Amino acid sequence: MPKVLALIPAILLVGACASHAPSDQQAAAAATAAAAESQAASGPPPEWQKKRQQYTDCAREKAEARSAKPGTTQAVVNDALRDCRGELDAVRTSFREYLDGQMSSAHGKRSARQAADRVGRDTEDKVRAYLLRHVEYHRAVAARQ
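According to mature numbering (1 follows the signal peptide of the UniProt record, and there is no 0), the stretch in the sequence shown is residues -21 to -1, 1 to 124, in order.
No wet-lab data here; the hints were simulated from the structure.
The structure displayed is predicted, hence computed values, not measured ones.
Treat the hints loosely; a few may be bogus.
To be verified - Here are the computed lysine to any residue pairs in the SDA-like style, where the Cα-Cα straight-line distance is at most 25 angstroms:
| id | residue 1 | residue 2 |
| --- | --- | --- |
| 1 | Lys29 | Val98 |
| 2 | Lys29 | Gly99 |
| 3 | Lys29 | Arg64 |
| 4 | Lys41 | Asn57 |
| 5 | Lys41 | Asp104 |
| 6 | Lys105 | Ser90 |
| 7 | Lys41 | Val120 |
| 8 | Lys41 | His117 |
Unchecked claim - Computed beta-carbon distance windows for the label pairs:
| id | residue 1 | residue 2 | range |
| --- | --- | --- | --- |
| 9 | Leu111 | Ser84 | 34 to 44 angstroms |
| 10 | Arg97 | Asp62 | 20 to 30 angstroms |
| 11 | Arg123 | Glu26 | 34 to 44 angstroms |
| 12 | Asp101 | Pro49 | 26 to 36 angstroms |
| 13 | Lys29 | Glu115 | 21 to 31 angstroms |
| 14 | Ala44 | Ser84 | 37 to 47 angstroms |
| 15 | Glu40 | Met82 | 27 to 37 angstroms |
| 16 | Glu26 | Ser84 | 14 to 24 angstroms |
| 17 | Arg64 | Arg123 | 25 to 35 angstroms |
| 18 | Ala47 | Ala85 | 46 to 56 angstroms |
| 19 | Arg64 | Pro23 | 22 to 32 angstroms |
| 20 | Arg112 | Gln33 | 14 to 24 angstroms |
| 21 | Gln33 | Ala121 | 19 to 29 angstroms |
| 22 | Gly87 | Arg123 | 51 to 61 angstroms |
Note that the Cβ used here is the ideal one computed from N, Cα and C, for glycine as well.
Work out the full structure, taking the sequences as your base and the hints as a guide.
Structure (structure tokens):
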């Protein structure tokens, strides 16, 4: 009996070594299927997330257009964010409406307003940090050419 127990780890090791790992194609197909299933289960993203993406795209496009012009990176980013202020306001409004639909009390609605303001500030801060690196990268690439 002790000999059989000693052989179990060796048998498991041989069995594990004999099996082969899934190919990259199989792994990619499994990942794609899992992502599609997750997307289908969660449904389309809320409207405020779409508006946040539109704000990010707007700011990126404005910053790219200005990156070739003289001026500090910070000034380019600030101008781009200022030009897209309307999109940021739309994100705040859409997020507030999204939360208002889920809240019924006056306290909940007040909290929704505060959360919408926080989402707006966080979105602007994240986009600013992204654009600073993005503009610096574009300027570095342009300088090398």
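Status of the hints after comparison with the structure:
1. For the hint pairing Lys29 with Val98, the CA-to-CA distance comes to about 14 angstroms; that is within 25 angstroms, so the pair holds.
2. Distance check on the hinted pair: Lys29 and Gly99 sit about 14 angstroms apart at the alpha-carbon level, within 25 angstroms; holds.
3. Restraint check for Lys29 and Arg64: satisfied, since their Cα atoms lie roughly 16 angstroms apart, inside the 25 angstroms limit.
4. For the proposed pair Lys41 and Asn57, the alpha carbon gap of about 10 angstroms is at most 25 angstroms, so the pair holds.
5. For a cut-off of 25 angstroms, the pair hint linking Lys41 to Asp104 stands: about 16 angstroms separates their Cα positions.
6. For the hint linking Lys105 to Ser90, the alpha-carbon distance of about 22 angstroms falls within 25 angstroms, and the restraint holds.
7. For the suggested pair Lys41 and Val120, the alpha carbons sit about 18 angstroms apart, so the restraint of at most 25 angstroms is met.
8. Note on Lys41 and His117: the hinted pairing holds, with a Cα-Cα distance of about 13 angstroms set against a maximum of 25 angstroms.
9. For the pair Leu111 and Ser84, the beta carbons lie near 40 angstroms from each other, so the given range of 34 to 44 angstroms is met.
10. For Arg97 and Asp62, the Cβ-Cβ distance of about 23 angstroms falls inside the hinted range of 20 to 30 angstroms, so the restraint holds.
11. Here the CB-CB span from Arg123 to Glu26 is close to 41 angstroms, well matched to the stated 34 to 44 angstroms.
12. Take Asp101 and Pro49: their Cβ atoms lie about 31 angstroms apart, and the range 26 to 36 angstroms holds.
13. With their beta carbons about 28 angstroms apart, Lys29 and Glu115 fall inside the hinted range of 21 to 31 angstroms.
14. As the Cβ distance of Ala44 to Ser84 is approximately 45 angstroms, the hint placing it in 37 to 47 angstroms holds.
15. Roughly 34 angstroms separates the CB atoms of Glu40 and Met82, a value that falls within the hinted 27 to 37 angstroms.
16. About 23 angstroms separates the C-beta atoms of Glu26 and Ser84, a value consistent with the hinted range of 14 to 24 angstroms.
17. The hinted window of 25 to 35 angstroms between Arg64 and Arg123 holds, with their beta carbons roughly 33 angstroms apart.
18. For the pair Ala47 and Ala85, the supplied restraint of 46 to 56 angstroms holds, since their beta-carbon distance comes to about 51 angstroms.
19. Roughly 26 angstroms separates the CB atoms of Arg64 and Pro23, a value that falls within the hinted 22 to 32 angstroms.
20. Between Arg112 and Gln33, the C-beta spacing of about 21 angstroms keeps the proposed range 14 to 24 angstroms intact.
21. Hint check: Gln33 to Ala121, Cβ distance near 26 angstroms, so the stated range 19 to 29 angstroms holds.
22. Checked against the given bound of 51 to 61 angstroms, the beta carbons of Gly87 and Arg123, roughly 53 angstroms apart, stay inside it.
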